[in-house]
Structures are given as C-alpha cells and as structure tokens.
Amino acid sequence: MYRYDQYDQAMVDTRVAEFRDQVERRLSGKLAEEHFRPLRLMNGLYLQLHAYMLRVAVPYGTLSGAQMHVLADIADKYDRGYGHFTTRQNIQYNWIKLEETPDLLADLAAVEMHAIQTSGNCIRNISSDQYAGAAADELIDPRPYAELLRQWSSFHPEFCTLPRKFKICVIASDTDRAAMKLHDIGIRIIRNDAGEIGAAFYVGGGMGRTPMIAPCIREFVPLDQLVTYSEACLRVYNRYGRRDNKYKARIKILVHELGAAEYTRQVEEEFAHLKTQGIEPPIAELERIKTYFADPAFDADASDAIDRSDALFARWVDRNTHPHKQKGYAIATISLKPVGGIPGDASAHQMHVMADLARDYSFDECRVTHAQNIVLAHVRKADLYALWQKLVAADLATANLDTIGDIIACPGLDYCSLANARSIPVAQKISRRFAESGKEDAIGELKLKISGCINACGHHHAGHIGILGVDRKGTENYQLLLGGCEGDDTSLGKITGPGFDEDGIVDAVEKATDVYLAQRQEGERFLDTYRRIGVDIFKEAIYG
Amino acid sequence: MVESQYRFRDDEPVGDPAVTVDSFAEQSNASAVRIEPGDDARELLPYLEQLRLVEVNFPAFTDGRGYSAARVLREAGYTGELRAVGEVLVDQIAALRRCGFDSFAPDKPLDPADVDSAFARWPDVYQATTDGRVPIWSKRHG
Ligand code: SF4
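Protein sequences appear in the order of chains S and A. Numbering-wise, the working numbering puts 544 at position 544 of the first sequence, and it's gapless, one number per residue. Going from the second sequence to the working numbering is simple: count from 1 and add 1000.
Honestly, I wouldn't trust all of these hints.
[What the hints assert, rightly or not] In silico DSS-like pairs for lysine-lysine, Cα to Cα no more than 30 angstroms straight-line: (1) S/Lys439 <-> S/Lys290; (2) S/Lys167 <-> A/Lys1108; (3) S/Lys246 <-> S/Lys167; (4) S/Lys390 <-> S/Lys439; (5) S/Lys97 <-> S/Lys77; (6) S/Lys165 <-> A/Lys1108; (7) S/Lys246 <-> A/Lys1139; (8) S/Lys511 <-> S/Lys439; (9) S/Lys30 <-> A/Lys1108; (10) S/Lys327 <-> S/Lys167; (11) S/Lys439 <-> S/Lys473; (12) S/Lys439 <-> S/Lys381; (13) S/Lys167 <-> S/Lys275; (14) S/Lys381 <-> S/Lys429; (15) S/Lys275 <-> A/Lys1108; (16) A/Lys1139 <-> S/Lys290; (17) S/Lys325 <-> S/Lys429; (18) S/Lys246 <-> S/Lys97.
[Said to hold, decoys possible] Just so you have them, the derived chain S footprint on chain A, three or more residues with Cβ under 8 angstroms: (19) 1082-1095; (20) 1112-1125; (21) 1135-1142.
Keep in mind the hints are simulated off the structure, nothing from the lab. Small disclaimer: the values here were computed from a predicted structure and weren't measured. Just so you know, even glycine gets a beta-carbon here, dropped at the ideal spot from N, CA and C.
Sequences are here, hints too, so could you generate the full structure?
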C-alpha cells in the first residue's frame, strides 16, 4: 500500500499544526464559531446531538495493520471504546472533545493518517473498490489513480469552498462494487480498442434528496490527463454550481439543469485551456505511486483446497469469501453486522484483533467497505480455517455478507442532528427477526439500506429494499422503497406507499420478502424477482 | 476605493475606483474593475492590457467562485493587481494567494501575526497554479 514520503508527511503534520492553531483561536474566542465551522468540517469534525463527531479518512478504504491498531487506540483514548465504519469507507468516532482533537490528529499523523476533507464543501476522501488489487475480474488496481487524485485534491486552493460536498470514486473492474455512478465523479479505468489504459468519467451522480445516476461525459481520458480533466470538471462546477439553495447545490443538479451535453461542452472547453497550463503531474509520478501497489509476495504453490468438514465454517466460506485473482487465495470479508448489533460498529478490542489478523493472514493490509464491513484481501485458502476460528472468538464471524442481515444504516436519530428517525433500532430488529426465523439464509442476497432522513447517508435509494426515516407530525415514520441497486445495472428504488411505524416497517419488509420467496424462479435474487414481476404484487401483500 | 491591508506588489496602487463589470463594458477606458461572485471573469479577457486592478468581492467567505475568477485571469496572462475584498479571513488567505491574489483588503482588519503564520505555514504544495510555487510532484521528479 501507499507510504508517505517526506512531502506527504510534512503536509499532514502541517495540517495538524494549523488545526491546533485554529482550535486555540476558537477556544480563546478569537475565531467565531461561524468562521470556525467550515474549518472544522474540512477536518471532519461535526457538532452532533450529544458531542463532536470526528470522521477519519481511510483513503480508498485501505489500511495497514498498524493503522488499524491506532484506530483502536484512539477509540479507547478519546472515545468510549468504539469506532463506527461508514459507507464512505471511513471511520468515525461519536464522543470527541474539541480540545482533544489536535492531539488525536497528531496520533493519526504518526501513522500516516488524517481527517483532511472528510467533511465540508470540498473534495472528500476518494473511495474505491474494496477488492482492489485482488478481484479476479479486475483490469488493473484502481488505487494508484485514486492516490494521484487524493494528492491533487488535498488542500486544492481553488476548490476549498465549493457549492457543496464533492465525492469521487475510482474503480477498474467489470463489476461495480463501489456504487461508482452514484458519485459526483465516478471514474472507471478501462482499456480502449487500441489497448491503451485510460479513464471513463461519469459526472453528476449522487443520492440525497434528488438521487441521480451519473451520465458518462467522456469515454476515454488518457492517463496523463487525469488531473487536468478532473480540474476542468471541478472548475465548471465551482463557477456555475448553484449556491442559492443548499439542496440544489450538488453537481448533479448542475449537470441535470444544463443537460449532460452542455456541461460536457463546458468541461471540454475548460480542459482544452487547462492542458496549456502545465498542471498535470508527469506520468513518472503515477509510476512512482504504482510501485506501492505491486502485488504482495503470493505463495505460488498455495493450494485451492479448503477443508469444509466444519459446517459452520463452510457456511462462512460460502457467504463471506470471494474469488481471488491468485490461485490458492481468497478474499475474506469480516462482517461488522452481528445479529442485533449496530451496523459498522467495532470495539477497540475487535479492531486490535482485525489488525493482528491482517498482519498474520493478509500481508498486513485490510480494507473498509462501503457496506461497512472489513475485508482481508489476500488470504491463503489454507489459512481460512484458522482465520475463521479467531474471528469466532472475537464475535466477528457472522456469516451474512450481502444478506438481509448485512444492513447498511446511517447513525440516524441516535446521533445525527439532521435525522428525522432512528435507523439503528430498525436495523437491529430486522437483523434479529430474519436471523432467528432462518429466513435470512433462505432469501440469500438482499441488500437492505436504511437512512434516518432524506440526506441518504444510508444509501436507501440503492437498496434492493430501502428504508427512509421521515418525520410525520412529530413522530418517527418509515417509508419503504423497493428495487434500488448500486451495481452496474444501477437503479433507484421506488417508494411503495404510505409509511409505517417502527414495528410496522419490520413487518412490511417481511411481507416483501415473503412475496419474493413465493414468486422466485430458479436462480433469482430478490432484485431479479422484483424486476420481473413489478411492484404491484408487493404492494398488494404489504398494504392489501 | 478600498485600502489593501496587504499588498505584494511594487507598482503604484491604482487611484481610480473599481467599476462594475457591467459599467466597465460601457466605459472602455476604465483601468479598475470589480468582479462580483456571479460575474464571468472571462468577459474581461479582451481588456487585460488596459486593466491595472481587478477587485474580486467575497460577500461571504464561503462563496468560492472568486478563487476560480482569479485563476482564470492569471492563467490568461493578467499581471495587474488582483485584490480580494470583502469577507477575507486569515484562514483562507494562503489559498487565495495561491490562486493569484496579490492584494488583500478585508472588511475587518486581520491580526498581522496570524497573517504572517498563515503565509509561512505550508512548506510545500500539491498543485501547480500560476503562483510559481513548485508542486511536490515536480520536486519528486526533478
Ligand atoms: S441520512 Fe440523515 S439521519 Fe442519516 S446520517 Fe445522514 S443526515 Fe444523519
């Protein structure tokens, strides 16, 4: 994985010093809260319902074991012994004191980490495929391109007060595991007919109150123009994105209002100009970054055999591992969705365990997924059983990846000051009900996502089943959506009808899954059945 | 006209008040113009030779359009004074300078000690702009 050189380290250390100075000026009253607010947000610090929340960046989701250990230490030292992994592949802490954040950031900087641009109206942490460098269907590891853009976007002087937040995602596989088209810029690294590697740019996707799927605005940007093209996309947005209405300020609205063709024309014009400005790092810089992402030293003789005599282990292997590009290896996902637990939460102890397992079984590297789980990307199949036993001991072996128990949920009204309704208790009830009845296994793949308000941090639009918390005359109410999908056949879920209370929504989810179980044909997932038979049969069962 | 608290130029400041972009278009001999956030800086490109002062107004420090306006002008070869006016704060001043501003006229005067440390803070930069600083990628590759 990428390692800082003296320049990267100096940038992060400087930011710690700068933030320390800003916090001091804030605490002494020299800096007003209204002027401090965007500064702390650009450093991932939110004021929530009960305390400050700090979001730490995990660039493209990749962490070393040592970094994971420090995340655990921070949970103990500055929080209440927990961390919460997020849908943006980051981690956040919910009980932070403002005066302690500079020290916390210094602890992070010591292991090449930071909280830079994890919030605020700027270019956010860049997300990627959690199976990068390991997936069997991958063209090339997308992370070097993400790292190149991470450096370009860090402290970009022109783009630190954009109309709104800006999220970039980079993938390089046929399968989209990162919801690429639901980002402000989604980049797919591809090979063109001439055999050259380049990038397709999808611009103007997003969730929130007006979900949109990003159109492709350019099929092929050469690798030595990635930064320049990105800068052109951002400049047009910074100049013309709406600033009169916060809810219309994302780039998706600009692209939608101008039309993709006109936005593209303006970007191309800016791009033609910027190409004359010498802002692109040389290709040697990309090559330098790439050397950090070379394959680890795989054991060429590793065997593909797995002893499946332990049925519980075999079930975990079937659910939680994926094919690896290297013979004898597998990608293993650690579910942070224990039955009845809080999706994405891990205790400091569990983080230490995962850090050790990453070191012992996966070349000292792990990844955070946008589904709020942890991936060990390079595990020898022969080691899977030993790994699984250690996961069992740490309560980390839940075999429910991509099932209805693997729920994505935002923090909701338990923590978030913008929430209309709680997300976590709904997730816990659903997870318990389907695990206990055994239906979770019977149903198989079903992606369920819950947001506590229309901001959609829980990606409810992209769930096969989505749940949206709304406020109905002062009480928490939940709407049900069906048919969303974040992958290559990206689609947005549709609201089925009137909302429900907390128990009512759990019942409604069960009724929807019962329709699926009754109607499904051979090999169909919930989503496939829904797409084939349409929403009416579901509505009848739910409301009839 | 507004007084700059900081000015990183040796030439004489322009005495004339800056006119709006609209009246500038009618009054073709003006040498000073003020850009508001909604104005298109590119409308000034045909007149760069005659311009000696461009003020870019920041009615609110959170509106970042002026950063792009500044770079657009500098990238087109404008060498006159580029002055940030309005809600110009110490925590944005270094980024403004990177975008090409060489003169700062904040609504509320800034603490000189804070400004000095803001300008001195960043030893290096990741991006190339027209401010002449050598980006990190260039230092890495000589
Ligand atoms: S979706 Fe709403 S409630 Fe949930 S975290 Fe985002 S803003 Fe908060």
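Straight-line alpha-carbon gap lysine 325 of chain S to lysine 429 of chain S, limit 30 angstroms: Cα-Cα ~37 angstroms, so violated.
Pairwise hint evaluation, lysine 290 of chain S against lysine 439 of chain S, where the allowed Cα distance is 30 angstroms at most: Violated, because 45 angstroms separates the two Cα atoms, which is more than 30 angstroms.
Restraint check for lysine 327 of chain S with lysine 167 of chain S, where alpha carbons must lie at most 30 angstroms apart: Violated. Lysine 327 of chain S to lysine 167 of chain S sits at ~35 angstroms, over the 30 angstroms cutoff.
Given hint lysine 1139 of chain A paired with lysine 246 of chain S - CA-CA distance at most 30 angstroms: Violated, at roughly 39 angstroms.
Hinted pair lysine 167 of chain S and lysine 275 of chain S, Cα distance within 30 angstroms: Between lysine 167 of chain S and lysine 275 of chain S the Cα gap is close to 23 angstroms, so the pair holds against 30 angstroms.
Agreement of lysine 97 of chain S and lysine 77 of chain S with the hint, judged by alpha carbon distance not exceeding 30 angstroms: 11 angstroms, holds
30 angstroms Cα cutoff - pair lysine 511 of chain S, lysine 439 of chain S: Judged against 30 angstroms, a Cα distance of about 12 angstroms means the pair holds.
Coverage claim, chain S over the segment 1135-1142 of chain A, checked by counting residues with Cβ within 8 angstroms (three needed): holds (count 7)
30 angstroms limit on alpha-carbon distance, applied to hinted pair lysine 30 of chain S and lysine 1108 of chain A: 13 angstroms, holds
Residues of the segment 1112-1125 of chain A with Cβ under 8 angstroms from chain S, three needed, outcome: holds (count 7)
Proposed proximity, lysine 1108 of chain A with lysine 167 of chain S (alpha carbon, max 30 angstroms): 34 angstroms, violated
Satisfaction of hint between lysine 1108 of chain A and lysine 165 of chain S, Cα-Cα up to 30 angstroms: With a Cα-Cα distance of about 28 angstroms, the restraint between lysine 165 of chain S and lysine 1108 of chain A holds, given a limit of 30 angstroms.
In the structure shown, a violation is registered for the earlier hints numbered 1, 2, 7, 10, 11, 14, 15, 17, in ascending order.
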